[in-house]
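Asks: Protein chains in written order, with the working numbering: chain A, 2 to 191; chain B, 6 to 391; chain C, 7 to 363.
Check each hint, because a few of them may be wrong.
[Claimed, not checked] Once the Cα atoms are required to be at most 30 angstroms apart in a straight line, the calculated DSBU-like pairs of lysine-lysine come out as:
| # | chain 1 | residue 1 | chain 2 | residue 2 |
| --- | --- | --- | --- | --- |
| 1 | C | Lys-339 | C | Lys-201 |
| 2 | B | Lys-165 | A | Lys-129 |
| 3 | B | Lys-272 | B | Lys-231 |
| 4 | C | Lys-244 | B | Lys-228 |
| 5 | B | Lys-81 | C | Lys-276 |
| 6 | B | Lys-268 | C | Lys-200 |
| 7 | C | Lys-91 | A | Lys-71 |
[Said to hold, decoys possible] Far from chain A by the CB rule (all over 12 angstroms, computed), these chain B residues:
| # | residue |
| --- | --- |
| 8 | Gln-51 |
| 9 | Glu-167 |
| 10 | Glu-168 |
| 11 | Lys-191 |
| 12 | Val-316 |
[Said to hold, decoys possible] Pairwise CB distance ranges (calculated):
| # | chain 1 | residue 1 | chain 2 | residue 2 | range |
| --- | --- | --- | --- | --- | --- |
| 13 | A | Arg-82 | C | Val-223 | 50 to 56 angstroms |
| 14 | B | Thr-193 | C | Val-117 | 53 to 59 angstroms |
| 15 | A | Lys-43 | C | Val-117 | 30 to 36 angstroms |
| 16 | A | Asp-68 | C | Glu-9 | 19 to 25 angstroms |
| 17 | A | Met-92 | C | Gly-330 | 31 to 37 angstroms |
| 18 | B | Ser-195 | A | Arg-82 | 51 to 57 angstroms |
| 19 | A | Ala-58 | B | Gly-307 | 44 to 50 angstroms |
No wet-lab data here; the hints were simulated from the structure. Yeah, the Cβ is synthetic: ideal placement off N, Cα and C, and Gly gets one too.
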Amino acid sequence: MGRSHAGGHGCSDEVLGGNSMSQKITSYPGHEITSDELKGGKYLDIQYKFVPRYSWAAGVAISRFLDELKEGRIVARKCNRCQRILVPPRMYCEQCYRPTDEWVQIKDTGTVNTFSISHVGTDARRLKTPILVAVVDLDGASPGMGILHNLGEVEPSRITIGMKVQAVWKQPSERQGAITDIRYFRPLEV
Amino acid sequence: MKRRVAIVGAGITLFRRRMLESPKELSFEASKMALDSAGLTLKDIQSVVSGAAPEAFDGVHMKGEYYLDGMGAIGKPHQRVYVGGGTGVFTPIGGWWNVASGMYDTCLCVAEEKMSPLHPHPQYAFWSIFDQILERPLGTTLLWIFSLEMRRYMHKYGIKEEEIAEVAVKNKGNAVDHPCAQLGAKITVSDVMNSEPICSPVKRLDVSPPSDGAAAVVLASEKVAKKLTDEPVWLDGVGWTLDTMHWTNRDLAYPEYVERAAKMAYKMAGIKNPRKEIDIAEPYDPFDYKELHHLEGLQLAGKGEAPKMTVDGVTQRDGDLPVCPSGGLLGVGNPIAAAGMMKICELFWQLRGEAGKRQVKKDARTGVAQAWGDLMQVGTVAVMRS
Amino acid sequence: MFEASSRAYEDAGIDPRKDVQSFVCCTEDFWEGISITDEYMPDQLGAVLRPLCTVSSDGIIGLATACMHIMSGVADVAVVESHSKISDVLNPSEIMSFGFDPVYTHNHLDVDPRFLAGMEMARYLKDSGTKREACAQVAVKNKKNALSNPRAVHAASLDKDTVMRSQTAASPLTELESSKGIDASIVFVLASAKKARKLGDHTVWIKGIGWSSDTPVVEDRDFGWADYVEQAASRAYKMAGIGVPASYFNLAELDDTYAYKELQSMEALKLAKKGKAGKMLESGIFDPDGRLPVNVSGGSLGVGHLLEATGLHRTLEAVLQLRGQAGSLQIPKVKKALVQSWRGIPTATGAVAVLSN
Chain A
2 MGRSHAGGHG CSDEVLGGNS MSQKITSYPG HEITSDELKG GKYLDIQYKF VPRYSWAAGV
62 AISRFLDELK EGRIVARKCN RCQRILVPPR MYCEQCYRPT DEWVQIKDTG TVNTFSISHV
122 GTDARRLKTP ILVAVVDLDG ASPGMGILHN LGEVEPSRIT IGMKVQAVWK QPSERQGAIT
182 DIRYFRPLEV
Chain B
6 MKRRVAIVGA GITLFRRRML ESPKELSFEA SKMALDSAGL TLKDIQSVVS GAAPEAFDGV
66 HMKGEYYLDG MGAIGKPHQR VYVGGGTGVF TPIGGWWNVA SGMYDTCLCV AEEKMSPLHP
126 HPQYAFWSIF DQILERPLGT TLLWIFSLEM RRYMHKYGIK EEEIAEVAVK NKGNAVDHPC
186 AQLGAKITVS DVMNSEPICS PVKRLDVSPP SDGAAAVVLA SEKVAKKLTD EPVWLDGVGW
246 TLDTMHWTNR DLAYPEYVER AAKMAYKMAG IKNPRKEIDI AEPYDPFDYK ELHHLEGLQL
306 AGKGEAPKMT VDGVTQRDGD LPVCPSGGLL GVGNPIAAAG MMKICELFWQ LRGEAGKRQV
366 KKDARTGVAQ AWGDLMQVGT VAVMRS
Chain C
7 MFEASSRAYE DAGIDPRKDV QSFVCCTEDF WEGISITDEY MPDQLGAVLR PLCTVSSDGI
67 IGLATACMHI MSGVADVAVV ESHSKISDVL NPSEIMSFGF DPVYTHNHLD VDPRFLAGME
127 MARYLKDSGT KREACAQVAV KNKKNALSNP RAVHAASLDK DTVMRSQTAA SPLTELESSK
187 GIDASIVFVL ASAKKARKLG DHTVWIKGIG WSSDTPVVED RDFGWADYVE QAASRAYKMA
247 GIGVPASYFN LAELDDTYAY KELQSMEALK LAKKGKAGKM LESGIFDPDG RLPVNVSGGS
307 LGVGHLLEAT GLHRTLEAVL QLRGQAGSLQ IPKVKKALVQ SWRGIPTATG AVAVLSN
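Next comes chain A alone, as it looks inside the complex (with noise of 0.2 angstroms):
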């Protein structure tokens, strides 16, 4: 086994010795099953549903966030000690290892940091109307702290980066106390 050469060059198939580890290897072992066959029933198969169901505890930061969202409020974390202002909250700083010390309220505007049209669904399958998501750095918030929701209102063509954006609000009796409490964000008029 081994190289037959000492340096320079790499190897082209005359160069390699005969009992080289890809020459012995003469076919690549898998058996293909092209969409066709699959369709038209070639191979048996059994189909069947796994659903596990769990209901989250939301823990105590998520749970108060998901609080004020039905408020119409968005909440931060305060570390004291980075002076970080965190959103999403969290009851620890996972910078300094510590608890945070405080909420704070933050605004519900905030900056596009980066966005995307999507055209397929969760499950890949093609959507009739895009959905735009973005994720929204958050005023009042540390710098960069974003979070990830849709936008709407606006003409996907004229998304940018860096372009201000306000929360629009589902009305006060439809909110359950969910992230999508927020509809989408939507560009600040300036």
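Put chains B and C on the given structure of chain A with help from the hints.
Replies: Relative to chain A, chains B and C alone:
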């Protein structure tokens, strides 16, 4: 006590959208090939490390237990390691610590993935990687974080989509020479730019496919390796890092987690100037821009400078720093865990001069493989030397 | 997790942001309801931008991983974490069933997955000649022991008859012989010998550790004998240089996910000769005041079952004993402890560790 660890054999199955073989069978095929190539049998293997990503694809709970017979792990100490997409490079890292610690002299490392069982589309499994309360209700799909990151990267460094598309062209082209490749093809930048927009700025040809496949390597301690082969490939550096789950709070334009993992691996391998000392790189390329992003994290290109390297041809097989000569995930396929392992196998063959038509022109002695995973979080890096 | 790790770090006197080089979490996606659970691990452990990985296995295998990190030189201090949040899971039994082979086993068996434990118990009783009531006695012992354990959720004062007459889980296994899930998070800090000498005065040493897996094809297994325990134990014993396990240990914390498992494991661990564990139990050897107290903590039957954290639970109870911090559970002069775990149905994977102070 740190012992030197070598890779002495490698095996890989075809990567296809849908394979007949079960996870156990795919694991077996890759493991057998790796053992045969090392001249070993299962009796010689003292421990097994496996890697496979979400159970959601298979609809099986505890899939590390389910497939272990296909990996030859019956009656053996077996660990399944799991760091999302980073698993493929992390699996041999798991093997590394089995041997470097002195606990075992030989270790079989197998990475397997079957994404096809999940209907209607494997993509759906990724819905559950997002925060269940703050993100899933928005209708998340994995494509979102990539597209958001791609746009941020482009914006920060003024990179054009056409420059990024060059990576897809290179890798799919390279994959034509990989016998297991799912999507090897000669395409052009124009093809990429005109392909169907999926999640702007990501277009169909910017992204790798879901796949089924498995790959494996055999690791051995220095003493054993030297008995088995004249050309062991040393796993000289390993590194891994996981960033915060709050991905929306991070600078998406630069993969800090890759930098830290790379520095950990380079330090271990005694590499001080990666750009000069690394001959060949296999960074993780599930999307074309990711190859660039990761090259920068790996310290092989300055921030925002990887696109120029690509456009200038530096990363071609006959260039000064060949990148993804295998064809990467874009060309060979992306069975999540097995994809990273495919890169390890590729470096193994390249560093021994056995990569056939894919062999890079320069005399490659030191290579780096890297995988990425989770919510833009995990960097796993391995430095290999012949 | 934050609470458990904060306490562990304080106990060890370390700052995770600076002093730890590796974090290992033991989780399974479907118990969490998140694909790729390691995503959600770093922050609360102080592991942001640090090497953290997930090993999908029992906690003791996580400890083994941390040991290998330290032994290979990649870490001086390593942290191992595992937890159970079973209360978030609405259909745990169904999820457990999905651990079976999807083609051969799972699809046509629409029953409580504990049927596998029932089958195994029946075979064990036959092969070992153990009396049925010995299994019930395990539940009696452990639930009674748990009455003194501040962590226990399922402690009770029962007798064998009550246990055997309780509702059938999967015959011959009854509900009172089947541990119930609870929530908890457990974190350990491990260090190399050199570092440990600087870090604390309550060091417990891992002298040997081993883990093994038997076939996932349930029909192929020898139900009567726990091969995986025997294999794991022989590796741990070899590492620790133990010749005669039966007389070596002062204390053991063993798998009692189902009552018969404690007896079956004892024999595979060579703490009792084949077929003798039941008799030894009846004679009081494994009671708190016996020669080899087993599951003084109450085990999973008395405290509660912790999914993948069960192995860490066994370890925790043994470590507290070795440190002399077990309070009302304390057995005097504990120097050498054995801990053992099993990953539960439908696996045949388990781990063993030898600890001493």
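Asks: If a hint holds in the structure, say so; if it does not, say that too.
Replies: Hints and how they fare:
1. This hinted pair checks out: Lys-339 of chain C and Lys-201 of chain C have alpha carbons roughly 26 angstroms apart, not beyond 30 angstroms.
2. Distance restraint check for Lys-165 of chain B and Lys-129 of chain A: the Cα-Cα separation of roughly 28 angstroms lies within the 30 angstroms cut-off, and the hinted pair is therefore satisfied.
3. Distance hint between Lys-272 of chain B and Lys-231 of chain B is fulfilled; the C-alpha atoms sit about 25 angstroms from each other, no more than 30 angstroms.
4. Straight-line distance between C-alpha atoms of Lys-244 of chain C and Lys-228 of chain B comes to about 22 angstroms, which keeps the hinted pair within the 30 angstroms bound.
5. In summary, the hint linking Lys-81 of chain B to Lys-276 of chain C is supported, as the alpha carbons are separated by about 19 angstroms, within the 30 angstroms threshold.
6. Distance check on the hinted pair: Lys-268 of chain B and Lys-200 of chain C sit about 25 angstroms apart at the alpha-carbon level, within 30 angstroms; holds.
7. For the hint pairing Lys-91 of chain C with Lys-71 of chain A, the CA-to-CA distance comes to about 27 angstroms; that is within 30 angstroms, so the pair holds.
8. Residue-level check passed: Gln-51 of chain B sits 23 angstroms from the nearest beta carbon of chain A, beyond 12 angstroms.
9. Distance to chain A confirms Glu-167 of chain B as a non-interface residue, since its nearest Cβ pair spans about 19 angstroms, more than 12 angstroms.
10. Non-interface status of Glu-168 of chain B relative to chain A is upheld: no Cβ of that chain comes within 12 angstroms, the nearest being about 18 angstroms off.
11. The Cβ of Lys-191 of chain B lies farther than 12 angstroms from every Cβ of chain A, with a closest approach of about 20 angstroms, so its non-interface assignment holds.
12. Once the 12 angstroms rule is applied to beta carbons, Val-316 of chain B is consistent with being away from chain A; the minimum gap is 23 angstroms.
13. For the pair Arg-82 of chain A and Val-223 of chain C, the beta carbons lie near 54 angstroms from each other, so the given range of 50 to 56 angstroms is met.
14. Range check, Thr-193 of chain B to Val-117 of chain C: about 58 angstroms between beta-carbon atoms, so the 53 to 59 angstroms window is met.
15. Lys-43 of chain A and Val-117 of chain C have their C-beta atoms about 33 angstroms apart, which keeps the hinted 30 to 36 angstroms range intact.
16. Taking 19 to 25 angstroms as the suggested C-beta distance range, the pair Asp-68 of chain A and Glu-9 of chain C conforms, at roughly 22 angstroms.
17. In this structure the supplied range 31 to 37 angstroms holds for Met-92 of chain A paired with Gly-330 of chain C, their Cβ-Cβ distance being about 33 angstroms.
18. Against the hinted window of 51 to 57 angstroms, the Cβ-Cβ separation of Ser-195 of chain B and Arg-82 of chain A comes to about 53 angstroms, which satisfies the hint.
19. As the Cβ distance of Ala-58 of chain A to Gly-307 of chain B is approximately 45 angstroms, the hint placing it in 44 to 50 angstroms holds.
Hint check: no violations occur; every hint is consistent with the structure.
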